[in-house]
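Enquirer: Sequence lines, in order, name chains A and B.
Residue numbering for the first sequence follows the numbering used here, beginning at 1 and increasing consecutively.
Residue numbering for the second sequence follows the numbering used here, beginning at 369 and increasing consecutively.
Just so you know, these hints were derived from the structure itself, not from any lab.
You may find that some hints are simply not true.
Unchecked claim - Using C-beta positions, here's what the derived DEER-type ranges look like: (1) B:N444 / A:I296: 43 to 53 Å; (2) A:F215 / B:S427: 21 to 31 Å; (3) B:N444 / A:S282: 28 to 38 Å; (4) B:E523 / A:T279: 34 to 44 Å; (5) B:S428 / A:Q216: 27 to 37 Å; (6) A:G337 / B:E523: 29 to 39 Å; (7) A:T279 / B:N444: 51 to 61 Å; (8) B:D437 / A:I318: 39 to 49 Å; (9) B:G385 / A:L346: 48 to 58 Å.
Since this is a predicted model, take the numbers as computed values, not measurements.
Just so it is clear, CB atoms sit at the ideal spot from N, CA and C, and this is done for glycine as well.
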Amino acid sequence: MKRFIGFIKKEFYHIFRDRRSLFILFGMPIAQILLFGFAITNEINNVDIAILDHSKDTTTEEIINKISASKYFTIKQMIVRETDIETAFKKGKIKAVLNFEKDFSKNLIKEQKATIQIITDATDPNTANSITNYINSILQNYQQSKNKDIVIEYQIIPQTRMVYNPELKSVFMFVPGVMTIILMLVSAMMTSISITREKELGTMEILLVSPLKPFQVIIGKVVPYIFLSVINAAVIVVLSIFIFKMPVQGSLFLLGTESVLFIITSLALGILISTIAETQQSAMMISLMGLMLPVILLSGFIFPISSMPAPLQVISNIIPAKWFIIIIKGIMLKGVGMAYVWKETLILIGMTLFFIGLSVKKYKIRLE
Amino acid sequence: MKEENVIEVNQLTKTFGDFTAVNTISFEVKKGEIFGFLGANGAGKTTAMKMLIGISKPSSGQATVAGFDVYSQPENIKKNIGYMSQKFALYDDLTVKENITFFGGIYGLSKKKIKEKREELISELGLENISNKLVGSLPLGWKQKLSFSVSLLHEPKIVFLDEPTGGVDPITRRQFWEMIYKAADQGTTIFVTTHYMDEAEYCDRVSIMVEGKIEALDTPKKLKEQFKVDSMNDVFLKLARIPSPTLPKGKGKNTDCN
């Protein structure tokens, strides 16, 4: 035990004396969570639009007022000629143009219908889609308020309710993802780098010749990172609760336990990587390409798994991060307990055991 | 004084696939002896050494180190040996003191013992003024002397040195060998690989490995007589020849780095 404490102390010296690893350990989580929280967002806010109003009557004015009153849009420009639409888009600021037809009010009264053309800049399809949807719903609202007194014979009124994230804040979606990435990064990449570093320096050989058993060496290298990862997870949760008002509906204890489980999964992966990689550089490359990319692309963190092609959906199952994201989203947003995430938890445990088993086997082969 | 063997090797062999890196070598090393283990790069020195220090399993043959069997008791061997590798192997980002404390710790020395040893070692090497400096800032020669002293911290019966003087200047090498002599005088057995032939002259006995086999084993003096030459360098050249570009069945694999 005493040997062990000395070992861990030494590991902390390594970490705290290396600015690079300190930055990855503590700067990165904070930077990432703030970036994802503030800068990178799927929400529509203050989108600049332009109006081309051919009729300029009371109805169009009311609609325009409604739109400019919403926090989603800012009317930047009033266009007078059709030909100016293109110029407005090309300048890049304007994301949508509303084109009211001539005699809007008159048509509405006479023929019971009038047309607005919504033109969006679809260089960013997601935003274009959202803009269209938002404007549509503003128009629908307006229409309903106009039709209040009229009785329509058949009417289907959809009542939508967004549960678990009623304000559709994208930060709620990002926090679980960012937490996953960071735990993965710190646990898997940092451990694999620190183990391969000992190999590169030749100190690993010295450690293996010492009375320490190989598994003690590995555990000694890994324990400090468990500790640091737990701190990181806590920092992320605290930041998201206090800065982004992210709710934690479920039990904090369960959240903590699941996080520790995922940390161990990542560490096991890190150990496995270090049995394959001979240099720090290759350990880093394997971690980045082999772990980070799949986590970002295939775990459902940014792109929904259900809309992926079938083969990718199958592949996503072998990515531990996918299961962890399901678990923490459930706990944080839906407030579910173990009864709902036991399956995912078992999968993670299974994967962890598999990775550890594989590393032990690889390790033995190396020693032969 | 009774001469006891601290290393006994009999027909030890290591194969990788169809390549025989170490081919039925046999020798004994006596207590307190400085045993030189020579050979060209790729001759199998490091592979042989790795079997003796318990980090590589032999393919066949027997060997005991410090009285323990290399197959069944590697853990006991590890407690009784010190090891210094050809790569300099202390931690650059730890101070001199921290390195000593750490390595003392993993060999299970008590706090008190570590402190005692640490102070002794620092004063012996004259490192008082820089004991709190990071090892990375020291010149290579000092690092190597420190590394050697650290490998002796737990008072091992045998210390294995794998090309310990690679890349240092002649004066430091000289000082290094004085340290080796001192350790040997105190009863520590030294098992050293080198390819500096002048260093071979300092050894009590040397073995020369060629292509996995031990081709010669005796005192430097007797070897020189046997081969009728004046220096160990010539002995080595006569034996080792310069390996031809067409290496044996080994497909040119360099087993030294395994």
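Enquirer: Can you name, in rising order, the numbers of the hints this structure does not satisfy?
Expert: 6, 7, 9
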